[in-house]
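Peer 1: Combine the two chains into a complex, taking the hints into account.
If you read the sequences in order, they're chains A and B. The first sequence begins at 39 in the numbering used here and counts up one residue at a time. The second sequence begins at 216 in the numbering used here and counts up one residue at a time.
What the hints contain is simulated information worked out from the structure, not anything from laboratory work. Watch out, some of these pointers could steer you wrong.
No farther apart than 30 Å at their CA atoms in a straight line, the calculated lysine-lysine pairs in the DSBU-like style are these [said to hold, decoys possible]: (1) Lys293(B) - Lys165(A); (2) Lys542(B) - Lys165(A); (3) Lys575(B) - Lys71(A); (4) Lys408(B) - Lys343(B); (5) Lys276(B) - Lys398(B); (6) Lys540(B) - Lys170(A); (7) Lys71(A) - Lys318(B); (8) Lys165(A) - Lys193(A); (9) Lys170(A) - Lys542(B); (10) Lys326(B) - Lys274(B); (11) Lys274(B) - Lys165(A); (12) Lys318(B) - Lys170(A); (13) Lys98(A) - Lys373(B); (14) Lys271(B) - Lys71(A); (15) Lys487(B) - Lys540(B); (16) Lys71(A) - Lys394(B); (17) Lys568(B) - Lys71(A); (18) Lys271(B) - Lys373(B); (19) Lys271(B) - Lys68(A); (20) Lys98(A) - Lys276(B); (21) Lys487(B) - Lys98(A); (22) Lys274(B) - Lys71(A); (23) Lys269(B) - Lys170(A); (24) Lys165(A) - Lys271(B); (25) Lys165(A) - Lys326(B); (26) Lys542(B) - Lys492(B); (27) Lys343(B) - Lys165(A); (28) Lys274(B) - Lys170(A); (29) Lys71(A) - Lys276(B).
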Amino acid sequence: MRYILVLLTIPLSFCCVQQSVQQSFIDELKSGKHLYPFDGFSYDNISVELRNDTIYVRAKCSELEGEDIYVFVNEEGRLILRSYCLEALPGSVKLNAIELALSNETIKRNASGIVTVRRILPQTSAKFYIPKELFSVTWHGGRIVSALVDLDEGKVVRVYVG
Amino acid sequence: MSQMRLIPLLSILLVASVSAVEVVKPAMDVVKPIPPPTPPIEKPYKTKLIIKPKFKHLKLKPGQSESFDVEIKNPTDKDVRIEPRIFEGRIGSIDINWISFDKESFILKSKDSATIIVTVSVPNDAEKGFYSCRILFTNDSINSIYLSIEVFIPPSVKISPRWIDDFVEAGKTYEYKVKVKNKGSETFNLNPKVVQPSVSFEENWLSEKEITISSPPTIPPNSEVEVKIVVNVPSDASGHLRGTIDLGIDDPGLYEWGRRVELSLNVYRAPKEPFVKILNIDNASKLTIRVSSEIFKVPIPIPILRTSTVNDFDVRIVSPSGDVKIKPKIVESLIVTTGFGRPPWEETEGIYKVISTTKKKIYEIENPENGVWRIEVMPKGCLGFSLEVEIE
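One chain only, chain B, in its complex shape (with noise of 0.2 Å):
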């Protein structure tokens, strides 16, 4: 090989060997054409792809499918070969004859764009599960795509409420109904138990002895039945009970956390007398009462308990005459997020969230009697509030 055509050759190779991506380079009259070189799939590469999606995410039935597009640019000044294929994910790995492309190899040009229809067609005989790969359409990992596929059986069962939370007292005895609705052409086994997790953050799991459960053997189609799940809390249950019961049904369509019920139950004995505040007055020119409960639309860390939806108080002043009928001011004070400084996981930007309120009641009262003043605060479905007395 003389001189003159090796150094293109080499020239040729050494671009090969610094991008995983393949360039496609102009024909040069001076050497055969050479194969494409393969380097590894998760070599280091210098020419990215603008490609939109980045993440594909389908629910299908078995026997399913559907095709979405993906747009790829090459913002370069290379001409680079797209071939895709498919790279196999970490769960549920999918098959790669589910997935087509509409176009198979095909050279992008510089700052060109091309659109691939990818259509995923799911098997009737596919297991419902989730699964995942990546799309690549270069020879390397960057430009590339993730695709999720939950594969779903559209259940005929439908259990309402899958999840009871509710407040009880110890020694009391509550009973929840289950409703069990059967929307598909066949009969279903119903065989409730109660189930326990083999790990558990928390001791206070509720078994057989504290829960009963009645249901009828079978659900016949399009009809509804009632499972019946009676709770004993122990006389000397305190802070959070937690219970699961596996209705047992074997719809097909149901994964095994669909058949479940959860019971989530705070112990708690609400107060029957209100909270007596006494105050002394000795000429005062203004009383100002303030009282006001947070309420959180999301659970506080356990053991606290949650508060309920209610959250109210009901306010009683007697002065040393009698009843003091005054309306109070009403404040309300929210704390709303913009998904600034969140995890990188939440894509919350630009969104308003209003995470608390708080409602407050102000009373004000000018030159209050002098002598022995009482405040009643009775709570209304929250669990705690604050009171704040100014004598001016």
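One chain only, chain A, in its complex shape (with noise of 0.2 Å):
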């Protein structure tokens, strides 16, 4: 009978400790903290759900059009950062992308359909070009079309056409 309540115990407080972990990274995204709103602007209003171990946060800021969406993995005690889908943008730094984007022929030959500007963090950027935020403008026509553009340099960093 010991060894069942021994058995049982341990883990049923894993799954407390677990829990309590997963509530500390919970209350750390409401705050703000581990996430990455566009330049000089900060979110007013974030929610935060957890769905299967996923941690999914969907972040706004009234002066932007757009939302930013984060989805988070408890990773053995380390939070994660898995997917990212971030359109909080100005509209016109939209149009700049956009525009970049347009400047190249490969685009500009195969661009159809609707578009979209998200933006690219660091850690990303860091595999195809240098870690610094760029802006990734997708056409989802027929086939997706996406320019990586880099608005600071003015130029259009990778192409890719599906």
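Peer 2: Written out as structure tokens, the structure is:
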């Protein structure tokens, strides 16, 4: 009987520790920690939802159109940003990015359909260019056509035609 | 040297040459310790460690420091020497003195794992900007992580709005007010001027001829001032007009682009009268009218104008006997992406994203009266619509 209790207690206590870690992550995220709003802005509406060990964060800034979505997972006690979709941007920044993307011949030739402009974080950009904030301009038409653009330098750094 | 001593020595050198990672071999009593080989950093290797995280981005103020854990697992059958060090990046190289490790050099045994605490300390006199480097954990480049650091000085001044998007009419004058708030304890100067980019893909840049700015010369501590921007849209203007105003605020926390107010003006004159479609009904059993407007969540490619956020339309149906009061059926269509087929730099896997919404109003009239019918559609904020008429 004692062994059964011990066996039951270990997973239960592990579960409690996990829950408290998860809760502290949620609290941190609600306060805006681990989130990256667009230059100079701050989120004024952050909603955090836990679904099957995955933490979904939706963040908005009243001054910006669009919404930023972050998906985190708790990997062995470490909060890992698994995926994200950052669209809370000023309209003119989106236009600048589209304009710059269309200056590329391949993009101009292939772009059709609905276009999205998303912010790419430095940790992702590092894999394709250098670790700095870039923008992905993507057309969702018959095929996916995308340009990774550096607005500071005014250049298209990578092109993708699906 | 006897043949017995030479063979193990050669085999060690051979092992060292095929793998850039230093593999720690069991001690052999016939060979004197040899210094570990130091092959070139970019040389191919065969021993790959599992390192988490692969990328780390920190945002720190001058004088601030932050630590993070790097977990290293050795899945191979060989012991490996771990020696964390800095490999400078391509932009804003980090001073290696900013970064320290809690462990300098140790052996990570086969199938074992270890955690290294990396501490980044930004000195008080560091300049704001982006810095990056790679941290190498063995003597080759693949067992490494990227570290990027944004050194920032919190700005005292907040400018709102920094982006002005509007629809304007040619020949009219528009006034925009920008609030500049100083939360700091010192006074900043304010010297706004219209600036134009040296290179642009668009020709319609507004200049000082079209923009007049008025503002106080300074912003005292804990106060708010207003900058007035008056735009005279030329009478022959068309398409998309752009303008940039550098407020010339000497707050060291603001980047050059952070001091700017961007104008994005679409020259457009909305129709004052509704669109009219005349129909002739002759012994029809049913009349169906569908009006829809696509609502894009994001701008569509220039030069087509962006839709406004209102996106609706008034529909009036007039039969030969007069106005027909009928409640439409509303159909909303969404296009949702899941991250499938995305470009490799969009880490949107598993995220539902609505990229387009279409709202459709459907009016169904049974046994419509014979004669001339009139359908009027007046857009409210949307830049276009589609109208479909079905007579059965």
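Peer 1: Which of the numbered hints are not met once you compare them with the structure shown?
Peer 2: As far as the earlier hints go, 2, 3, 6, 9, 10 and 21 are violated by this structure, in ascending order.
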